[in-house]
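Engineer: Chain order of the listed sequences is G and Y.
The numbers in numbering that gives the first Met the number 0 rise by one with no breaks, and the one at position 178 of the first sequence is 177.
The numbers in numbering that gives the first Met the number 0 rise by one with no breaks, and the one at position 87 of the second sequence is 86.
By construction, these hints were calculated from the structure, which means they are not laboratory data.
Just so it is clear, CB atoms sit at the ideal spot from N, CA and C, and this is done for glycine as well.
Don't take every hint at face value.
[Claimed, not checked] Keeping only pairs whose Cα atoms sit at most 30 Å apart, straight-line, the calculated BS3-like set for lysine-lysine is:
hint, chain 1, residue 1, chain 2, residue 2
1, G, K88, Y, K330
2, G, K133, Y, K329
3, Y, K329, Y, K4
4, G, K5, G, K237
5, G, K5, G, K133
6, G, K219, G, K54
7, G, K184, G, K126
8, G, K237, G, K219
9, G, K208, G, K237
10, G, K208, G, K219
11, Y, K281, Y, K329
12, G, K126, Y, K330
13, Y, K4, G, K133
14, Y, K330, G, K133
15, G, K88, Y, K329
16, G, K88, Y, K281
17, G, K133, Y, K281
18, G, K126, G, K54
19, G, K126, G, K88
20, G, K5, G, K208
[As the list claims (entries may be wrong)] Examples of chain Y residues toward chain G, derived with CB under 8 Å:
hint, residue
21, P147
22, T148
23, L214
24, N220
25, R227
26, K281
Single-letter residue listing:
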Amino acid sequence: MVALLKVEEISFGYTAAPVFEQVSLGISPGQVLCLLGPNGSGKTTLLDCILGWLKPRAGRIMLDGADITDIPARQIARHVAYVPQIHEKTFPYLVKDIVLMGRASYLGPFAAPSEEDMAISAQALDKVGMSSFKERPYTQLSGGEGQLVMVARALAQQTPLIIMDEPTAHLDYHHELIILETIVKLIRDQGLSVLMATHNPNHAFYLQKNGVDTLVAMMKNQHIINLGGVEEVLSEYKLGELYEIVARIVDCVPDDGGILHQVVPVSTITRS
Amino acid sequence: MSTTKRTSLILSFILAPFLVILLSLSVGRYPVDAWTIIQVIWCKLTLQPCPVDEIYQTVVWDIRLPRAILGAVVGGCLAISGASFQGLFRNPLVNAGLLGVSSGAGFGASLAIIMFDNVLMTYLLAFGFGMLAVVLSYLIARVYKATPTIMLVLGGVIVSSVFSALISLLKYLADPADQLPAIVFWLMGSLAHARFSDIMMAGVPMLIGISGLLLLRWRINVLSMGDREAHSLGINTTINKGIVIACASLATAGAVCVSGIIGWVGLVIPHIGRMLVGNDNKVLIPVSLSLGAVFLVIVDDVSRTLTGAEIPLGILTALIGGPFFVYLLKKTKGGGW
Numbered sequence: 000m001v002a003l004l005k006v007e008e009i010s011f012g013y014t015a016a017p018v019f020e021q022v023s024l025g026i027s028p029g030q031v032l033c034l035l036g037p038n039g040s041g042k043t044t045l046l047d048c049i050l051g052w053l054k055p056r057a058g059r060i061m062l063d064g065a066d067i068t069d070i071p072a073r074q075i076a077r078h079v080a081y082v083p084q085i086h087e088k089t090f091p092y093l094v095k096d097i098v099l100m101g102r103a104s105y106l107g108p109f110a111a112p113s114e115e116d117m118a119i120s121a122q123a124l125d126k127v128g129m130s131s132f133k134e135r136p137y138t139q140l141s142g143g144e145g146q147l148v149m150v151a152r153a154l155a156q157q158t159p160l161i162i163m164d165e166p167t168a169h170l171d172y173h174h175e176l177i178i179l180e181t182i183v184k185l186i187r188d189q190g191l192s193v194l195m196a197t198h199n200p201n202h203a204f205y206l207q208k209n210g211v212d213t214l215v216a217m218m219k220n221q222h223i224i225n226l227g228g229v230e231e232v233l234s235e236y237k238l239g240e241l242y243e244i245v246a247r248i249v250d251c252v253p254d255d256g257g258i259l260h261q262v263v264p265v266s267t268i269t270r271s
Numbered sequence: 000m001s002t003t004k005r006t007s008l009i010l011s012f013i014l015a016p017f018l019v020i021l022l023s024l025s026v027g028r029y030p031v032d033a034w035t036i037i038q039v040i041w042c043k044l045t046l047q048p049c050p051v052d053e054i055y056q057t058v059v060w061d062i063r064l065p066r067a068i069l070g071a072v073v074g075g076c077l078a079i080s081g082a083s084f085q086g087l088f089r090n091p092l093v094n095a096g097l098l099g100v101s102s103g104a105g106f107g108a109s110l111a112i113i114m115f116d117n118v119l120m121t122y123l124l125a126f127g128f129g130m131l132a133v134v135l136s137y138l139i140a141r142v143y144k145a146t147p148t149i150m151l152v153l154g155g156v157i158v159s160s161v162f163s164a165l166i167s168l169l170k171y172l173a174d175p176a177d178q179l180p181a182i183v184f185w186l187m188g189s190l191a192h193a194r195f196s197d198i199m200m201a202g203v204p205m206l207i208g209i210s211g212l213l214l215l216r217w218r219i220n221v222l223s224m225g226d227r228e229a230h231s232l233g234i235n236t237t238i239n240k241g242i243v244i245a246c247a248s249l250a251t252a253g254a255v256c257v258s259g260i261i262g263w264v265g266l267v268i269p270h271i272g273r274m275l276v277g278n279d280n281k282v283l284i285p286v287s288l289s290l291g292a293v294f295l296v297i298v299d300d301v302s303r304t305l306t307g308a309e310i311p312l313g314i315l316t317a318l319i320g321g322p323f324f325v326y327l328l329k330k331t332k333g334g335g336w
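With the hints as constraints, model all of the structure from the sequences given.
Structural biologist: Shown next as structure tokens:
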């Protein structure tokens with residue numbers, strides 16, 4: 000099987016100093032890859048390379064078997080959708096207009112969205128449970144609602160892979176869980192794949208517990224230092240090393256059975 | 000919105016400019032009744048000998064009609080370019096002159112007034128320097144590898160201020176008896192010299208610009224998401240931004256070279272459009288075109304009837320438009336801002 004996304008030993012730097020070097024990873028259909036790493040470790044930069052927005056200095060990125068430097072933006076956009084970490088709102092577009100923009104890569108340069116595009120966007124909005132908001136200006140939505148609209152826009156792109164950059168940053172527990180539940184549902188029902196940068200290792204535990212084939216990559220000091228299954232990578236020792244903290248992993252038993260692991264950050268490590 | 004209501008709304012936005020042009024034929028210091036106007040237009044269009052007095056033919060066909068048409072096209076150009084730039088630069092406070100096209104054109108016109116004292120050269124130099132200013136702004140932004148929005152804005156600010164300084168220099172050098180007032184009046188904007196030949200000439204870049212923006216109008220939504228998001232949605236940002244800038248600049252330079260600098264329209268008409276129909280550029284862009292056309296024709300009618308001497312358009316646009324804007328703001332509660 001051809002991997003959906005294969006990143007082969009890429010390096011990138013804005014200046015002579017590299018942001019990261021020799022990074023490799025891959026995602027197969029139906030998988031989630033959680034990308035962990037301290038602030039400034041280059042997670043967002045790596046995602047920008049995979050989206051074709053930045054050009055790696057070395058290595059190559061294969062999307063469905065094609066090198067992304069060989070394919071135009073509209074082709075990339077039909078394979079990978081993107082949910083940004085911060086979306087700067089300027090004009091008070093209606094929610095339905097925002098989601099409709101997900102159809103851009105399927106339209107000719109002078110075309111406007113058709114009835115079919117509108118139907119696809121409406122479905123996407125429905126999948127994230129935001130249909131009732133479609134006529135509202137998206138500038139009036141809360142952070143969580145806004146994020147769901149961004150997910151709907153990504154779904155309207157109808158791509159096999161969605162990249163999310165800290166999709167739950169700034170969200171409360173309730174909205175964080177809504178986003179996670181939406182991800183689980185999308186993967187289960189549609190076989191999508193998700194690559195998400197996150198600061199919360201518990202997301203990986205949550206996805207794993209809910210039956211999603213989950214991988215974890217740890218990024219630090221310009222490299223991927225660990226890559227593998229949840230149980231293998233998310234150990235107290237490796238988490239402690241990644242964030243320079245003392246971490247404990249505890250088990251909790253939800254009402255529906257099974258065990259949900261949770262990381263508890265205990266204290267920082269002060270180096271003497 | 001029901002389909003019939005929608006259709007009638009679209010129709011009224013399309014018909015409004017034509018209606019205003021027709022009505023403005025009867026407005027002016029020299030009274031002409033409706034029947035005479037209809038007769039003149041009919042026999043001019045059918046190339047038949049006209050039963051109407053020669054003087055009416057001249058007033059309606061040679062003076063008022065080209066002026067009204069030019070006013071509509073210029074107003075439409077300024078408004079549609081302003082709306083496009085606001086979307087492209089993700090900034091509701093910019094207008095069509097952001098990349099220096101107005102100050103460039105102002106410099107070109109001033110130069111022509113001093114050196115040639117010839118209407119045709121004024122048009123040509125105004126248009127040429129207007130486009131040159133945009134190209135310079137773009138090249139300044141290119142210095143930084145890609146063309147990030149903020150660099151374009153900065154490039155525009157720099158180029159505008161350089162050309163403004165050069166305009167001041169020319170004013171300083173100009174003959175205060177005739178050249179200086181000519182420059183000052185040109186910079187305040189006027190349609191008083193409009194003739195059909197102007198429409199034919201300046202109409203070409205204006206129509207190219209308008210058509211391009213109308214065709215690309217939905218893409219401007221996507222571009223207004225910012226470069227990175229627009230890219231991830233499948234849009235080549237460099238090419239698309241370049242085309243929108245080229246079209247908006249052609250339209251504005253075409254307008255400014257025949258009308259002088261008319262402020263306010265490019266900034267505020269799009270906002271009036273936003274209040275009326277929302278922010279979706281698919282609708283907003285054509286609506287701005289229609290509103291800008293209607294607005295400038297009306298303002299020009301006021302300009303030539305209010306007093307014996309014509310009041311420059313750049314003054315009246317704000318004086319008439321300002322109160323109207325406040326009225327709309329109160330009425331529509333600002334439309335979601």
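Engineer: Does each hint fit the structure? Answer for all of them.
Structural biologist: Here's how the hints hold up against the structure:
1. K88(G) x K330(Y): holds (25 Å)
2. K133(G) x K329(Y): Given pair K133(G), K329(Y) holds - Cα atoms ~25 Å apart, limit 30 Å.
3. K329(Y) x K4(Y): Holds, at roughly 24 Å.
4. K5(G) x K237(G): holds (24 Å)
5. K5(G) x K133(G): violated (36 Å)
6. K219(G) x K54(G): Holds, at roughly 20 Å.
7. K184(G) x K126(G): Roughly 9 Å between the alpha carbons, so the hint for K184(G) and K126(G) holds.
8. K237(G) x K219(G): holds (11 Å)
9. K208(G) x K237(G): holds (20 Å)
10. K208(G) x K219(G): holds (26 Å)
11. K281(Y) x K329(Y): holds (25 Å)
12. K126(G) x K330(Y): Violated, at roughly 37 Å.
13. K4(Y) x K133(G): It holds: about 21 Å lies between the C-alpha atoms, which stays within 30 Å.
14. K330(Y) x K133(G): holds (24 Å)
15. K88(G) x K329(Y): At roughly 24 Å apart (the allowed maximum being 30 Å), K329(Y) and K88(G) satisfy the hint.
16. K88(G) x K281(Y): holds (18 Å)
17. K133(G) x K281(Y): Given pair K133(G), K281(Y) holds - Cα atoms ~17 Å apart, limit 30 Å.
18. K126(G) x K54(G): violated (33 Å)
19. K126(G) x K88(G): At roughly 23 Å apart (the allowed maximum being 30 Å), K88(G) and K126(G) satisfy the hint.
20. K5(G) x K208(G): OK: K5(G) and K208(G) at ~26 Å, within 30 Å.
21. P147: It is violated, given that the least Cβ distance between P147(Y) and chain G is near 12 Å, above 8 Å.
22. T148: violated (11 Å)
23. L214: holds (4 Å)
24. N220: holds (6 Å)
25. R227: Because about 6 Å separates R227(Y) from the closest Cβ in chain G, which is inside the 8 Å limit, the hint holds.
26. K281: holds (5 Å)
Checked against the numbered hints listed earlier, the structure breaks hints 5, 12, 18, 21, 22; every other hint is satisfied.
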